[in-house]
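Number of protein chains: 2
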Amino acid sequence: MTLVAPAHLRLARHARLREQLRGAGLDALLITSLPNVAYLSGLFASAAAVVVTRDRFTLITDGRYLGIAQGLVADMPGVELVITPATIAFDQALAEALCVIGNGRAGFESAHFTVKRFGDLQARLTKLAPGCELEGSEGLVERLRILKDEWELEVFSEAAARLSDAAKCIIPKALAGMREREVAAVIEAELRRVGFDKPAFDTIVASGPNSAVPHYRAGDRVLTAGDLVVLDFGGVFRGYAVDLTRTITVGPASARQRRLLEDIAAAQDAGFAMVREGQPATDIDRGTRESMTAAGLGDAFGHGTGHGLGLEVHERPRIAQFRAELVGEPLQPGMVFTIEPGAYFPDWGGARIEDDAALTTSGAIWLTDVPRFWTH
Amino acid sequence: MTLVAPAHLRLARHARLREQLRGAGLDALLITSLPNVAYLSGLFASAAAVVVTRDRFTLITDGRYLGIAQGLVADMPGVELVITPATIAFDQALAEALCVIGNGRAGFESAHFTVKRFGDLQARLTKLAPGCELEGSEGLVERLRILKDEWELEVFSEAAARLSDAAKCIIPKALAGMREREVAAVIEAELRRVGFDKPAFDTIVASGPNSAVPHYRAGDRVLTAGDLVVLDFGGVFRGYAVDLTRTITVGPASARQRRLLEDIAAAQDAGFAMVREGQPATDIDRGTRESMTAAGLGDAFGHGTGHGLGLEVHERPRIAQFRAELVGEPLQPGMVFTIEPGAYFPDWGGARIEDDAALTTSGAIWLTDVPRFWTH
Numbered sequence: 001m002t003l004v005a006p007a008h009l010r011l012a013r014h015a016r017l018r019e020q021l022r023g024a025g026l027d028a029l030l031i032t033s034l035p036n037v038a039y040l041s042g043l044f045a046s047a048a049a050v051v052v053t054r055d056r057f058t059l060i061t062d063g064r065y066l067g068i069a070q071g072l073v074a075d076m077p078g079v080e081l082v083i084t085p086a087t088i089a090f091d092q093a094l095a096e097a098l099c100v101i102g103n104g105r106a107g108f109e110s111a112h113f114t115v116k117r118f119g120d121l122q123a124r125l126t127k128l129a130p131g132c133e134l135e136g137s138e139g140l141v142e143r144l145r146i147l148k149d150e151w152e153l154e155v156f157s158e159a160a161a162r163l164s165d166a167a168k169c170i171i172p173k174a175l176a177g178m179r180e181r182e183v184a185a186v187i188e189a190e191l192r193r194v195g196f197d198k199p200a201f202d203t204i205v206a207s208g209p210n211s212a213v214p215h216y217r218a219g220d221r222v223l224t225a226g227d228l229v230v231l232d233f234g235g236v237f238r239g240y241a242v243d244l245t246r247t248i249t250v251g252p253a254s255a256r257q258r259r260l261l262e263d264i265a266a267a268q269d270a271g272f273a274m275v276r277e278g279q280p281a282t283d284i285d286r287g288t289r290e291s292m293t294a295a296g297l298g299d300a301f302g303h304g305t306g307h308g309l310g311l312e313v314h315e316r317p318r319i320a321q322f323r324a325e326l327v328g329e330p331l332q333p334g335m336v337f338t339i340e341p342g343a344y345f346p347d348w349g350g351a352r353i354e355d356d357a358a359l360t361t362s363g364a365i366w367l368t369d370v371p372r373f374w375t376h
Numbered sequence: 001m002t003l004v005a006p007a008h009l010r011l012a013r014h015a016r017l018r019e020q021l022r023g024a025g026l027d028a029l030l031i032t033s034l035p036n037v038a039y040l041s042g043l044f045a046s047a048a049a050v051v052v053t054r055d056r057f058t059l060i061t062d063g064r065y066l067g068i069a070q071g072l073v074a075d076m077p078g079v080e081l082v083i084t085p086a087t088i089a090f091d092q093a094l095a096e097a098l099c100v101i102g103n104g105r106a107g108f109e110s111a112h113f114t115v116k117r118f119g120d121l122q123a124r125l126t127k128l129a130p131g132c133e134l135e136g137s138e139g140l141v142e143r144l145r146i147l148k149d150e151w152e153l154e155v156f157s158e159a160a161a162r163l164s165d166a167a168k169c170i171i172p173k174a175l176a177g178m179r180e181r182e183v184a185a186v187i188e189a190e191l192r193r194v195g196f197d198k199p200a201f202d203t204i205v206a207s208g209p210n211s212a213v214p215h216y217r218a219g220d221r222v223l224t225a226g227d228l229v230v231l232d233f234g235g236v237f238r239g240y241a242v243d244l245t246r247t248i249t250v251g252p253a254s255a256r257q258r259r260l261l262e263d264i265a266a267a268q269d270a271g272f273a274m275v276r277e278g279q280p281a282t283d284i285d286r287g288t289r290e291s292m293t294a295a296g297l298g299d300a301f302g303h304g305t306g307h308g309l310g311l312e313v314h315e316r317p318r319i320a321q322f323r324a325e326l327v328g329e330p331l332q333p334g335m336v337f338t339i340e341p342g343a344y345f346p347d348w349g350g351a352r353i354e355d356d357a358a359l360t361t362s363g364a365i366w367l368t369d370v371p372r373f374w375t376h
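Those sequence lines, one after another, are chains A and B. Just so you know, the first sequence maps onto residues 1 to 376 in this note's numbering. Just so you know, the second sequence maps onto residues 1 to 376 in this note's numbering.
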């Protein structure tokens, strides 16, 4: 597996993006969301942008990324590289790349562009190409990113296998007596050991009463016999995020704890059974939620069932309850997402079980593969 | 030391912010930058905002943070808490808190507010308070954050002591044969062990030729005898970031390596000697750079000398070369910043030495305290 998507797949993304441009009636699109830039170019940088027109593709970055950017454009014929010198403002280079369209409509990513930066770009463009009109657009690249290509699915498969290896090594460890933050350190060291570049988010180790707080991180509490402990962690591999949660007990599980874990695992399976091409993503939530409700856990399950994975750890599709404003995205081959039901009881504790799944042309598959729970 | 700034200090920040509001002729300010929200309220949340008017202070967050937010406002008399129900959009609550000023000028943080969100807020506000005018503002809270108060200086002192402890434990370890990413894992586990909540940024372990790349992270290269290895790491403690770099050699240093480390350490001292109340921050860069240049390292030192530290790892003051557009901020007691000269030679290697310093009412002090280099 190559370190970045092969050039022909990156070029195919450009072609699909140009279809979006035509659909939106745009002559150009300025891309400043860094995950979107990485998706189109293969360049992971802290300062980079892309300008796409009907017939040009310009990657803009600064001198720190010269070598790697040259390597990337070398195998993408027709792609132009602009390295901004330290003496000019980065956004001047964006304005110059945009103004080639002359009088035309240039889209920008309004959800990834600040008001301050917009004012600055507008002023630069007025000087260079007064007939060029800036227009806010949304989700044109994100829409492409929902459907993973063959290289991305290979990356997910490998990343999930490594995450599963890490989980199997971490989770059965004797953790009693350790502080939550020490357990987080063990997990993050293990993520590095199996080859992740970094954690995909702040590792969660929530023990005892803290396990009832879905967004807790990791603190100073010492893991104690009788605790439920939610371990939620993930890693970034080749730029892509994978994510897994297991809930363990410190010492033998009580009958109530065991029952809770069994019910959540069953609900997760019920959600997975709804993963079918053409069905709305909200169906996965419905299947999961109905199973939780049947087990008496409906009220304790206060969050959505899952989220898409990709260059960001939370992407489309949203696997949540159907709401009018949440367009029910039909499930399609190439989608990768989590299924993560949980139930939380203030002062007593909580549990969540999360795995990563994909819909492929041959049906739904689990990407992660780790026992759902250990109850001693 | 309390977990968050004591209430009287948070309230003093509100008073100073209201002076900024008056100076800018604003009737209200909407704060959406999360570090700015944390600074004013003590709440570290992924969804939160503050609306300040001449006589009201409203903290807005969602149900996940109910308990902690209630605790924070309880000791700040006059501060109002709004918990947004899941059924309304978060920004509707912002619009409602802003519209109390009726016909007036409401500032928003234009460098932290997207064009999309601005359009949405404008539309909501037009319905609620058509006479309320939104106006982009910049840096009103950031300006206050430059000067740390007594509690913040105590946090920095403690955080830097812990970072120094971690460094002294990590750096002399026998690292030969380990991969860069494994060394990064060791560093991050040690940061957790000494009590940091998380790394302040992606840990850098740059060995051999990679040490010549200032923005390298950590990869698969195995540390090999003869290497220079740049270790750049930091942690977040009570919300505040500290940052340290040491460059080690794997095995005994060559004469050239030893000379390089001595010259960089001397340049760092020369920069520190320029830390004096009332002098421009750019003087620290000048002192460092002159020393580097005298040692023949001027051309190899391609970045600024340092940056302010605080709730973000890169803050004001900028310790860089004087440029017309970089207003020379006069150094004042309460400023906390790094001094980090480095020299990089492509294909051969590079080195950087970074420590954290503060200007206090009794003069400049180093916060971190670790031997500058080990050359065996």
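Because the hints were derived from the structure by calculation, they are not lab data. The structure displayed is predicted, hence computed values, not measured ones. Check each hint, because a few of them may be wrong.
Ranges of calculated distance between the beta carbons of each label pair, as one might list FRET restraints [said to hold, decoys possible]:
#1 150(A) - 128(B): 45 to 55 angstroms
#2 168(A) - 224(B): 29 to 39 angstroms
#3 258(B) - 47(A): 45 to 55 angstroms
#4 224(B) - 176(A): 23 to 33 angstroms
#5 176(A) - 294(B): 30 to 40 angstroms
#6 22(B) - 372(A): 57 to 67 angstroms
#7 111(A) - 55(B): 42 to 52 angstroms
#8 12(A) - 224(B): 50 to 60 angstroms
#9 258(A) - 89(B): 53 to 63 angstroms
No more than 27 angstroms apart at the CA atoms, straight line, and that leaves these computed lysine-lysine pairs for BS3-like [as the list claims (entries may be wrong)]:
#10 116(A) - 168(B)
#11 116(B) - 127(A)
#12 127(B) - 116(B)
#13 173(A) - 116(B)
#14 116(A) - 127(A)
#15 116(A) - 173(B)
Short derived list, chain A residues pointing at chain B, Cβ under 7 angstroms [to be verified]:
#16 136
#17 179
#18 181
#19 201
#20 316
Glycine is no exception: its CB is placed at the ideal position from the N, C-alpha and C atoms.
Residue 258(B) paired with residue 47(A), Cβ distance criterion 45 to 55 angstroms:
Given a distance of about 35 angstroms, which is not inside 45 to 55 angstroms, the answer is violated.
CA of residue 116(B) to CA of residue 127(A), is that 27 angstroms or under?
24 angstroms, holds
Given hint residue 116(B) paired with residue 127(B) - CA-CA distance at most 27 angstroms:
Distance of about 18 angstroms is within 27 angstroms: holds.
Taking the beta carbons of residue 150(A) and residue 128(B), is their distance inside 45 to 55 angstroms?
Cβ of residue 150(A) to Cβ of residue 128(B): about 50 angstroms, so the range 45 to 55 angstroms holds.
When you take the CB atoms of residue 224(B) and residue 176(A), is the distance between them in 23 to 33 angstroms?
Once the Cβ atoms are compared, 40 angstroms apart, the range 23 to 33 angstroms for residue 176(A) and residue 224(B) is violated.
When the nearest CB of chain B is found for residue 201(A), is that gap smaller than 7 angstroms?
With a closest approach of 10 angstroms, the residue 201(A) hint is violated.
Should the interface hint for residue 136(A) be scored as holding, given a Cβ-Cβ cut-off of 7 angstroms against chain B?
Because about 6 angstroms separates residue 136(A) from the closest Cβ in chain B, which is inside the 7 angstroms limit, the hint holds.
Given the range 42 to 52 angstroms, decide if the beta-carbon distance of residue 111(A) to residue 55(B) lies inside it.
34 angstroms, violated
Run the distance test for residue 116(A) versus residue 127(A): straight-line Cα separation, threshold 27 angstroms.
18 angstroms, holds
Does residue 316(A) pass the interface check with chain B, least Cβ-Cβ distance below 7 angstroms?
16 angstroms, violated
Whether the CB-CB distance between residue 22(B) and residue 372(A) falls inside 57 to 67 angstroms
59 angstroms, holds
Check the following: the C-beta atoms of residue 258(A) and residue 89(B) are separated by a distance inside 53 to 63 angstroms.
40 angstroms, violated
Hints 3, 4, 5, 7, 8, 9, 10, 13, 15, 17, 19, 20, counting from the list given before, are not met by this structure.
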